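Protein chains: 2
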Amino acid sequence: MLRSPDRVTLADIAARAGVSLATASRALSDSYGVSPGTRDRVRSVADQLSFVVSPEASRLAGGRTGRVAVVVPHLSRWFFAEMLAGVEEVLREAGIDLLLYNVDTLDHRRHFFERLPARRKVDAVVVLAFPVTEEERQRLDLLGVGIVAAGGQSARYPFVCIDDRAAGAQAMDHLLSLGHERIAMIAAETPLAPGWPAVNRRSLAYHEALAAAGIPADPALVRDGDWGGEEGAAAMADLLASGPPPTAVYAHSDEVALGALRTLRREGLRVPEDVSVIGIDDHPLAALSDLTTVHQGVREQGRTAGQMVLGLISQDPTAARAAVVPTRLVVRGTTGPPRRG
Amino acid sequence: MLRSPDRVTLADIAARAGVSLATASRALSDSYGVSPGTRDRVRSVADQLSFVVSPEASRLAGGRTGRVAVVVPHLSRWFFAEMLAGVEEVLREAGIDLLLYNVDTLDHRRHFFERLPARRKVDAVVVLAFPVTEEERQRLDLLGVGIVAAGGQSARYPFVCIDDRAAGAQAMDHLLSLGHERIAMIAAETPLAPGWPAVNRRSLAYHEALAAAGIPADPALVRDGDWGGEEGAAAMADLLASGPPPTAVYAHSDEVALGALRTLRREGLRVPEDVSVIGIDDHPLAALSDLTTVHQGVREQGRTAGQMVLGLISQDPTAARAAVVPTRLVVRGTTGPPRRG
Chain A
1 MLRSPDRVTL ADIAARAGVS LATASRALSD SYGVSPGTRD RVRSVADQLS
51 FVVSPEASRL AGGRTGRVAV VVPHLSRWFF AEMLAGVEEV LREAGIDLLL
101 YNVDTLDHRR HFFERLPARR KVDAVVVLAF PVTEEERQRL DLLGVGIVAA
151 GGQSARYPFV CIDDRAAGAQ AMDHLLSLGH ERIAMIAAET PLAPGWPAVN
201 RRSLAYHEAL AAAGIPADPA LVRDGDWGGE EGAAAMADLL ASGPPPTAVY
251 AHSDEVALGA LRTLRREGLR VPEDVSVIGI DDHPLAALSD LTTVHQGVRE
301 QGRTAGQMVL GLISQDPTAA RAAVVPTRLV VRGTTGPPRR G
Chain B
1 MLRSPDRVTL ADIAARAGVS LATASRALSD SYGVSPGTRD RVRSVADQLS
51 FVVSPEASRL AGGRTGRVAV VVPHLSRWFF AEMLAGVEEV LREAGIDLLL
101 YNVDTLDHRR HFFERLPARR KVDAVVVLAF PVTEEERQRL DLLGVGIVAA
151 GGQSARYPFV CIDDRAAGAQ AMDHLLSLGH ERIAMIAAET PLAPGWPAVN
201 RRSLAYHEAL AAAGIPADPA LVRDGDWGGE EGAAAMADLL ASGPPPTAVY
251 AHSDEVALGA LRTLRREGLR VPEDVSVIGI DDHPLAALSD LTTVHQGVRE
301 QGRTAGQMVL GLISQDPTAA RAAVVPTRLV VRGTTGPPRR G
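For the record, the sequence lines run as chains A and B. In terms of the working numbering, the first sequence opens at residue 1 and continues consecutively. In terms of the working numbering, the second sequence opens at residue 1 and continues consecutively.
What the hints contain is simulated information worked out from the structure, not anything from laboratory work. Note that the coordinates shown come from a computational prediction; the quantities given were computed from them, not determined experimentally. Even glycine gets a Cβ: it sits at the ideal position worked out from N, Cα and C. You can take every hint at face value.
Okay, the calculated beta carbon distance ranges per label pair:
hint: 1; chain 1: B; residue 1: Arg-332; chain 2: A; residue 2: Val-325; range: 31 to 41 Å
hint: 2; chain 1: A; residue 1: Asp-40; chain 2: B; residue 2: Val-324; range: 54 to 64 Å
hint: 3; chain 1: B; residue 1: Asp-290; chain 2: A; residue 2: Arg-332; range: 11 to 21 Å
hint: 4; chain 1: A; residue 1: Asp-224; chain 2: B; residue 2: Asp-238; range: 40 to 50 Å
Derived list of chain A stretches under chain B, where covered just means 3 residues or more per stretch with a C-beta under 8 Å from a C-beta of chain B:
hint: 5; segment: 229-238
hint: 6; segment: 283-297
Computed list of chain A residues with no C-beta within reach of chain B, every gap over 12 Å:
hint: 7; residue: Asp-12
hint: 8; residue: Arg-16
hint: 9; residue: Thr-23
hint: 10; residue: Arg-41
hint: 11; residue: Arg-156
hint: 12; residue: Asp-163
hint: 13; residue: Leu-204
hint: 14; residue: Ala-211
hint: 15; residue: Ala-220
hint: 16; residue: Asp-224
hint: 17; residue: Arg-321
hint: 18; residue: Pro-326
hint: 19; residue: Val-330
Next comes chain A alone, as it looks inside the complex (with noise of 0.2 Å):
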């Protein structure tokens, strides 16, 4: 019997190879610990369960496509397509072709997760920027390929990002030192991605700097919202129509930031002289804005991506399994000395 590709899990597989789901997970990920005889079985037992689209996807362990998949969540927002330009880079002087997926809504996300193995057309695949669930994770081991990911830790595949802790303890120590003390933070969530860590690394750097500097937190200064713009905006006139104004704004993002700025200008409120707002990113247009913020190498963290990519292809034992990418503040014109008084 021959099942869809949108209903065959790791478990199936495992059970129907008669082996556990560890098991089937390292023979499908080619990790150690598993007997050639029994990798096999499992592959084949895979094969069998899985939707062939394409004569070139029945060759399950078969020779190299040339292929690399590389999975976006939002291509048009500029972080994700400079990190795919890294990769890009990367891939394209080693001669290997790049496979893009967007996947911008968890439609599209879940819709590609189940397809997955019937993809069996890449040699690896990066995950760019968002964590894997517990059950993509085993979509992901179906394939039987290598897997990078991009622009966030992992505790499973070889990894590249920033540390959003340093990187957040960066801009609230800019802010600290020049004497703020009521300093609000715009956080941004991802509701689109789930496998967000629960702890988000941003926030957490607020309250320790906050903590460290004897300020007691006050909820009333703390937001929360989209990565967008518009979501900044949004949250910066509701920190306005809630209270006295702080002296300085922490944004998540530069797009946050951005956001925040425009709200400020069309409240008639001068920036730095009475609020200041950093952001984290170091967005092209951070400069064109005169935005002062914590720059990160996006581009950087994608060809470090598309190198742990080389390294997984050619089975280099050598091979970088993580790297954390540093970040430094940007001081521009939107962060001064707290108003007096």
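Following the hints, complete the assembly by docking chain B onto the known chain A.
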């Protein structure tokens, strides 16, 4: 004798097959007016002369690959990423994979087109927002697959674009209707993209609008640069240094306009009281900067290009061969009447 693909030209193939250049081109692009025998002979010669990178590449006129190549000049710029997202959306829904090639330097571009005949791994190619040169056109013909030009007019391939002259006219008419006469233009050229038409239609719109309003054009008010924000900022600084400031600035893109805004702000000039600024694009950050602009549906152009690709692949004779997506003025806070006196 097998020659390297770097050296194979359409002329080589025509000579070897004993046909004219035009016939060779038609045979490879599957146009009308070529007998099946001639077509097969030309394709067979092309096949022999071309470097074969993979077993798949040897099936020249064979089955579908289920893949489409998209060639992008500046992946990390919003305009290109947004258009790519539109193409990806349509291809994904059709179950077609997207191979991505970023050609952000002249070298990369040359390399891509030189290796093109070896890339017979796709059913079609989308050229995103750059015009192809005659030499590149010949390389594309060697592929023997459908081509779609997105983001620019093409005499030869199905295309989707905006009417740049109409977009420029919308911007200029807005400034003129507010009463501006001393209007500067910051034009954007693309030195990295050979093949652009000699007449920039956004510049043409400037001169036509001034002429129609009976205002003599002042060459001292025109600056030429690249598409980036820093270039816009530099051009604005140069304009201010060269004489009395204009009362309005027409920029060829939002990023150029945002750069101009920064310069004006830094020089202490108020927008729009002292100087009005308008761009073209409706970049997502334009709304955050309150920038008046001419909106173009970039995602829509990408989707339309994707649909043209599907039409080519399915050889649908009713598929659209040209689409011009309308633009519209979006008035925000950076334009107003000219200052008095």
